[in-house]
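Novice: Okay, here's what each chain looks like letter by letter:
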Amino acid sequence: MTELLPFGVGAWFFISVYLCSLLLLGWLGFNARKEDTLQDFYLAGRGFGFFVLLLTLYATQYSGNSVFGNSGATYRLGFSWLVCVHYMIAIIVFYLAYAPQIHLLASKRGYVTPADFLEDRFASKGISLLTSVVMIIALSNYLLAQLMAMGRALQGLAGPLGDTAYNTGVLVLALIMLIYGTLGGMRAIAWTDAIQGCVLMIGFLVLLGLLWNQFGPLVAATEKIASSADAFKVERPSPGLMREWFSYILVFGMGGALYPQAIQRAYAARSGSILNKSLAAMAFMPFVTALIAVIAGIYALAYIPGLEGAETDQVLSRLLRVIQEGSLLGYAVVVVIFSAVLAALMSTADSAMMSISSMFTKDIYSIYIQPEASNSELTKIGKFCSWALVSALIVIAILLKNHASLISLMDRKMDLLVQLVPAFMLSVHMSFLKKGPVFIGLIAGLMVSLCLAFGPFDFVVSGKVWGMHPGLIGLVVNITIAIIGSLIQQRAKFFLDQRAS
Amino acid sequence: MSNQNEQPTSKPRFWIAGVYVIFLAAVIPWYWPEVDTRYVLGFPLWALVSTGVSFLASVFTAWVYLSQPQDELDP
Chain Z
1 MTELLPFGVG
11 AWFFISVYLC
21 SLLLLGWLGF
31 NARKEDTLQD
41 FYLAGRGFGF
51 FVLLLTLYAT
61 QYSGNSVFGN
71 SGATYRLGFS
81 WLVCVHYMIA
91 IIVFYLAYAP
101 QIHLLASKRG
111 YVTPADFLED
121 RFASKGISLL
131 TSVVMIIALS
141 NYLLAQLMAM
151 GRALQGLAGP
161 LGDTAYNTGV
171 LVLALIMLIY
181 GTLGGMRAIA
191 WTDAIQGCVL
201 MIGFLVLLGL
211 LWNQFGPLVA
221 ATEKIASSAD
231 AFKVERPSPG
241 LMREWFSYIL
251 VFGMGGALYP
261 QAIQRAYAAR
271 SGSILNKSLA
281 AMAFMPFVTA
291 LIAVIAGIYA
301 LAYIPGLEGA
311 ETDQVLSRLL
321 RVIQEGSLLG
331 YAVVVVIFSA
341 VLAALMSTAD
351 SAMMSISSMF
361 TKDIYSIYIQ
371 PEASNSELTK
381 IGKFCSWALV
391 SALIVIAILL
401 KNHASLISLM
411 DRKMDLLVQL
421 VPAFMLSVHM
431 SFLKKGPVFI
441 GLIAGLMVSL
451 CLAFGPFDFV
461 VSGKVWGMHP
471 GLIGLVVNIT
481 IAIIGSLIQQ
491 RAKFFLDQRA
501 S
Chain H
1001 MSNQNEQPTS
1011 KPRFWIAGVY
1021 VIFLAAVIPW
1031 YWPEVDTRYV
1041 LGFPLWALVS
1051 TGVSFLASVF
1061 TAWVYLSQPQ
1071 DELDP
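Those sequence lines, one after another, are chains Z and H.
Counting from 1, position 461 in the first sequence corresponds to residue 461 in my numbering; the numbering is continuous, with no gaps.
To convert a position in the second sequence, counted from 1, into my numbering, add 1000.
Possibly wrong hints are sitting among the right ones.
Ranges between beta-carbon positions, derived for each pair [said to hold, decoys possible]:
1) Z:K380 x H:F1014: 43 to 53 Å
2) H:G1018 x Z:L28: 11 to 21 Å
3) Z:V172 x H:I1022: 44 to 54 Å
4) Z:S374 x H:G1018: 24 to 34 Å
5) Z:F13 x H:E1034: 50 to 60 Å
6) H:F1014 x Z:L487: 41 to 51 Å
7) H:F1014 x Z:G309: 42 to 52 Å
Computed list of chain H residues with no C-beta within reach of chain Z, every gap over 10 Å [stated by the list, open to error]:
8) W1015
9) L1041
10) A1057
Here are some, though not all, of the chain H residues that point toward chain Z, as calculated from beta-carbon distances under 10 Å [said to hold, decoys possible]:
11) I1022
12) T1037
13) Y1065
Since the hints were made in silico from the structure, they are not lab data.
What you are looking at is a predicted structure, and each value in this text was computed from that prediction instead of being measured.
Cβ atoms here follow ideal geometry from the backbone N, Cα and C, with glycine treated the same way.
One chain only, chain H, in its complex shape (with noise of 0.2 Å):
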């Protein structure tokens, strides 16, 4: 095997981790009231809205690893 100065390493995206913290802090639900009686399709709201959040990230992380360059992929 070769050594690690031979090691291809990728470019980076790094508003792709911008995003991804936008997303972490908007999951925790740190900003809803303590109290709140609001429901909607079973869910309390404050935990609609986080599972909400939750499924932009999926499609997000989906669209991420859909649109990588095929270069980026295969030899």
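For reference, chain Z alone in the conformation it holds in the complex (with noise of 0.2 Å):
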């Protein structure tokens, strides 16, 4: 394969100065830690302010897939992928359903995983326990995808050893992720997310200046897809798609906001009206992430126009080496860029691993397997949770290296976590919501979501139900047994009790 971005010996140093900086943030985490407590390990002990806080969230929503994935599929799919906008911004609508309350909950109960609030709200061991498995089964496909992205993202430097490369960066970048997060825990990732954060904003305002700078204004881009034979991805959406934007407003919104990393995000604000002053300014960062991306998408679809399949999801490297041939500024704001790619990449795959850890540690290790652990007993069993679970993703990443359908044959994860919904959303609102509907409710939306997907059927086209995900109708399913179900359940109370007295 040909090098995407040929890089010099100034830019690698660079980057190494920027990685090795996360290492010292993880080991000022680990000098910082004020017990040897999970609450400490992996919230921080609910210290944080409001720029850690906001960047965290902003690092952590972010991904290698906001960077790369939403400029290939707008390049694919033209202005009708603006949708990616506004599911992002539908996140922090859901979030405004139960994160202020979550919060309030779990600073007056010590929570640390999104079970612990089940757990108070439900007192049932089955829900817990699903909603564990659940995320850990999401969020551990979510990791691996970004391990991967780290290799793909070595591998356009590497030319020939792109192979090599690939390895190499999988096996780097994960260890260095590994040896931060464990030392410093919540901490050192919140802080390296903080720097990440801020070499992510700044990548991606640089970039559309740049883009700018390179090809012109917007508008002649536009005009240049309008009089090709893409003039189609201008137009507005066609009402098969329509559909689309609507199932991926709610699935993704609903989805995004139930990340298990982002529910400890909200028990570790330092108060309920710091985390909505960070929430409210994260109402903002599509504006200037992915409609960003969008934008690089459309110059691509524009200005090098004819590419096909996987090669569009390498349409913002191509326009990076367009840039960087240009000048010797250009060059050394495409190093900015691309850490700020690996950025986005660790940022996320850090807080999934620490999320994971947690969630094997105190929802199933210490109910299940030793529940006489102490704290401290407790914090060395994650710290090795996260070593032996991104280990064999590593693995796993190496081995499915040119393999990557399998990866989207299992991205159902939006589908899965939206099936919390009743559970975390709506519990909190609807204090009649009992144990027992809710729960089967949540397998009843697991089965109809995986039967869709999954299943030989004629009308789910493209992992799609006449536009919806199958995420969806599981929820329609979900949330009906929930309600239905607790309201009988609570007539026939009435009626017994009405009957014993």
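Assemble the dimeric complex from its two separately framed chains, guided by the hints.
Specialist: Listed below in structure tokens is the structure:
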């Protein structure tokens, strides 16, 4: 393969300094620990202030997909992929449905994992365990995708040594992430997220300026597309695509708001007002991130036409290559943008790793395997879990190097996560929801989603039913069972109580 | 930990959900003509309107977060 972004010694020196700074923050986080407890390790002692919370939310929410995936999807679909801006805002809107309430409860009752809230709300081992398992499966897939994207990012720099660079990229970047994550816990992760968030934001803003400088105003690019064979990509989405918009906004909005690392950041805020201020600022972040990725995709469509299939996910690298060759300043700025891409990948991956580790340790190990374990032992188990999990995923990422389609096949995480809406979002508002119907609804929703996604049905086209994600259909079944079942149970209890008295 | 009967529940503001339903209906350009060649700031007009509605949704969301009563936020 050809080198997409050939870098010199200076560029590698800059990237190495950036990566070493992450290790330094891990060591500082280790020294700043206050006690050897799960709360301190996984929630940084619930002490996040406004800027750290905002930047850690930002760096965690915007992954490698925000950079490569959105520009690639825009290249394939045109302006119709503006839906990514809408669903990133929807995540913050759905967060509104439960984050402030769950933060309040967490600060009173000392929650560490998402299942702690469910155990408190429903007192049901079934709901708590199933929720943790669903979240661990969804996040493991997400973490694997980030590790593979780390390898791909380095692969694009290495020319004929691409395969070696992929393996080295996965191994080295995952190792750095493991070291700072297990040394300093959530405190180190949040501090590195703060740096990564800054690099990411600067990278996106600079990218917009560079595109304008290199290719001219956006209107020229749009008019060029409109006069080409891709003219349909500037037209209003077709009715089928608009149904998909509806589904994307709801499923990605709700599913994204239910990522366990997002829930744990709500726990870790120093106060409710700090959480709300951070989320208020987050409502505007899609305009300096996802929207810029869409604009980059439009420039690529206009000025680098003719790419197909997997090549379309490399459009950003190709744009950067053109910019890099233009001037020394362009070269320097592309190095910063490449660092921002690494930042996006690592900040999302480290948060997923910490969440999985906390859920395994607190929700499974300390309840079903070693209930007598002390906080100090559990923290050690959590660190061991991170190393074991990431080591296994590194091997899988290397084995699946040439089989990315297998990852997309497994990529039903949003369909799974969205089934947790009744347990988290509805239960803080509907005090009548009972554990039995919520548990049955959750199982039914998961089964409907998975059967529709993987079953041999003619009416399922490209993984969707009439443009709707299977998860959305499963959620309708799930919510219906949870609400109607709870109302019937409440009514039955009322009649039984009356008869008894 | 306590059981479910002791859970505090929030005071829902249903009109807020109604506003978001309107935003959802407006952000999807079903009401726009299929063929329209007007461009503003490099965006097709339908895309600019849709993005503008999204921006209004962001402003509204920020306002809702910042206007939440203090007693609902901190113990």
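Novice: Among all the numbered hints in the text so far, which are the ones the structure does not match?
Specialist: 2, 4, 6, 9, 10 and 11
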